[in-house]
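**Student:** Here is what each chain is made of, one letter per residue.
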Amino acid sequence: MSAPTPSARPALTPLAAGEAPDVTAAPEGRQEPEKAPKSLRARLADLPTAFWVGVLVIALLLGFGIRSDGVFLETQSLNNILLDAAIGFLLAVGMAFVLGAAQLDISIGGNLVLSSLLAAHVVVSIAGSRSGVGASDTAVWLGSLAGLATAVIAGGLLGLINGLIVTRLRVNSFIATLGTGGIMIGAVLVISDGTNVNEFPVGLQSSFGAASIGGLLPLPTLLALAVCGFLWFVMRRTRFGVRVVAIGSSSEAATRSGISVDGIKLRLFILMGSLAGLGGFLTIARFSTTNVGGGQTEALAAIAAAVIGGTSLFGGVVSIGGSLVGALLPVVLGTGLIVVGVSTYYQLIVVGVILIIAVFVDQQRRRKRDS
Amino acid sequence: MSSEQPLIKVCGVEKRFGHVHALRGVDLEIFAGEVVAVIGDNGAGKSTLATVIAGGHVPDAGWVEIAGQRIEKPTARLVHELGVETVYQSLALGPDLSIAENMFLGREIVGKGFVRRRLGVLDRREMAKQTEAALDRVGMTNYTTVNASARALSGGQRQAIAVARSVAWASRAILMDEPTAALAIRQTRNTNEVIRAAAAHGLGVMVITHDIPNMLTYADRIVVMRHGQVVAVCTPAATDLNKLVGLMVGEEQVAA
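For the record, the sequence lines run as chains A and B. FYI, the numbering for the first sequence is 1 to 371, going by this note's numbering. FYI, the numbering for the second sequence is 1 to 256, going by this note's numbering.
A couple of the hints might just be wrong.
Stated by the list, open to error - Non-contacting residues of chain A with respect to chain B, defined by C-beta distances greater than 10 Å in every case (computed):
| no. | residue |
| --- | --- |
| 1 | Asp46 |
| 2 | Ser192 |
| 3 | Leu219 |
| 4 | Val242 |
| 5 | Ser250 |
| 6 | Val317 |
As the list claims (entries may be wrong) - Label pairs and their calculated CB-CB ranges:
| no. | chain 1 | residue 1 | chain 2 | residue 2 | range |
| --- | --- | --- | --- | --- | --- |
| 7 | A | Val171 | B | Asp41 | 35 to 41 Å |
| 8 | A | Ile191 | B | Ala182 | 44 to 50 Å |
| 9 | A | Ala59 | B | Ala182 | 45 to 51 Å |
Honestly, the hints are just simulated from the structure, not real lab data. Fair warning: this is a prediction, and the values are worked out from it, not measured in the lab. Every residue gets a Cβ at the ideal spot worked out from N, C-alpha and C, and that includes glycine.
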């Protein structure tokens, strides 16, 4: 390989082509080209999990649409679904990265709420008012941007703490983040004394948090999807993505290759934390209030979304698109059940069942493929 | 073998794992262009020795020199940078990574330009091209594409990839831990040819093996380890299978 090595001598190309005999004549090795053209069934079975979950989501959309005489498919309704899904998108894609390296982050719910609380104080101190009006446009802009920066940085720092516990103290990431998640939720209650911050300027919500382009594409969702698109690029096209998957695929191979496994893990937890922080900012922007009692369900929802979409819980396999579809599923179900007049409590049950089925089917297919 | 400076010099290396004293003062030299076989019973310390040289373990005492440079803080990356590659018994491949990704793991080629460089955007085309060339060099042709995941390959193919990776990147020496243990006769012969060819190009090769008859043919020197120590160093001409086995299990006194 002609890639430069910093060694004193130039990299050798020790063996000229054809110099070594052909090992490959060994009978077990030869891979015959595919025999017959694949049957339709085999081809369908080759499609990724994300595809089937996508089909399911579309079927649900249509089903709810028909049951509700089209109400469910009106722009207002679709706009709400997309808006509701924004934070789920961010967290599911972040979790797909973390899972890719066979790590877990259970603290993202606590992180989201704590980051949103800190950001809320920043926004309110710059542009807050009891009536929601009064602050100048400039102050609202400044306050909002400062709040965004605060949320993302605070989230990233909380993620850094997770990463340091995992890489320096060598505590398993599940336990480490279970602990820090509890600490963060507790810290929120201590700091806020259980009282929500809600003196936000109206502009944050009306011009961003609940605003849409054409009444269909919510701004927070567009922001979330832009971030997810960038992360897709990072996962598929960059060194970082390959190394994340390498760590999850074989921790030994990653270590032996000389890559900094701890450095990558640290960056993963910072990334996940920043995304949770961004999610926190989207929460306050949309609802004009913090939710100091929240943070309990986000982690498991994100894990479920990523796994439903085909990301492996054990590392090495990541699907960004699948995570998006997986995050959309509970939102579509939840909204749809309301529209057709069924209790949303069933949403949890249905998502749980789909999670188990998706993982079961995925495992079966992998087993088949590997044998 | 030459009288010049050894490529790799192991000086009084000790390694303990809890109560296990895996290496007890090992000295070893590997010169350019020679194949050194390291043999010994299970638990003799062979793999530990290879891992120490590869930068995977920090010795408790003693040190390793590569091309005359004493390695103060051993890391896999530093040893790679000094041109020493290792084929581990486990092969150390990521099953979910493609052949090309495995070949370049930790040394990925990134695109040109400031943004691509900063983001670490892979030049997959170049990586694929160089991977194909590297596989060609070790005679591996029976794969469909270098974008196939390692999981889909046979044991022999995976082994060939690990060997190809070491040959492609090594500029000084290759360490091989049981490179032929899982291989059929024909593949074993090929691997031996690759090893000889690498040595013929001036690399130093250290081969850990249980296949003593093979090494009587292919090695320049044979190092026998027992209980974490080097108990004999001999040339194939000056020894035979029985003597070596005797040295390995401790029935014969050191006669080197």
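**Student:** So, for every hint listed, does it hold in this structure?
**Tutor:** Quick rundown of the hints versus the structure:
Every CB of chain B is more than 10 Å from the CB of A/Asp46 (nearest about 13 Å), matching its label as outside the interface. Every C-beta of chain B lies more than 10 Å from that of A/Ser192, the closest at about 38 Å, which supports listing it as non-interface. At the 10 Å boundary, the C-beta of A/Leu219 stays outside the reach of chain B, the nearest C-beta of that chain being 26 Å off. Chain B draws A/Val242 into its interface by the beta-carbon criterion, the shortest separation being 5 Å against a cut-off of 10 Å.
Annotated as non-interface, A/Ser250 brings its C-beta within 10 Å of a C-beta of chain B; the closest such distance is 4 Å. A beta-carbon of chain B is positioned within 10 Å of the beta-carbon of A/Val317; the least distance is around 6 Å. Hint check: A/Val171 to B/Asp41, Cβ distance near 38 Å, so the stated range 35 to 41 Å holds. Distance hint for A/Ile191 and B/Ala182: a CB-CB separation of about 58 Å, inconsistent with the stated range 44 to 50 Å.
Between A/Ala59 and B/Ala182 the beta carbons are some 47 Å apart, a value that agrees with the proposed interval 45 to 51 Å.
Of the numbered hints given earlier, the model fails hints 4, 5, 6, 8; all others are met.
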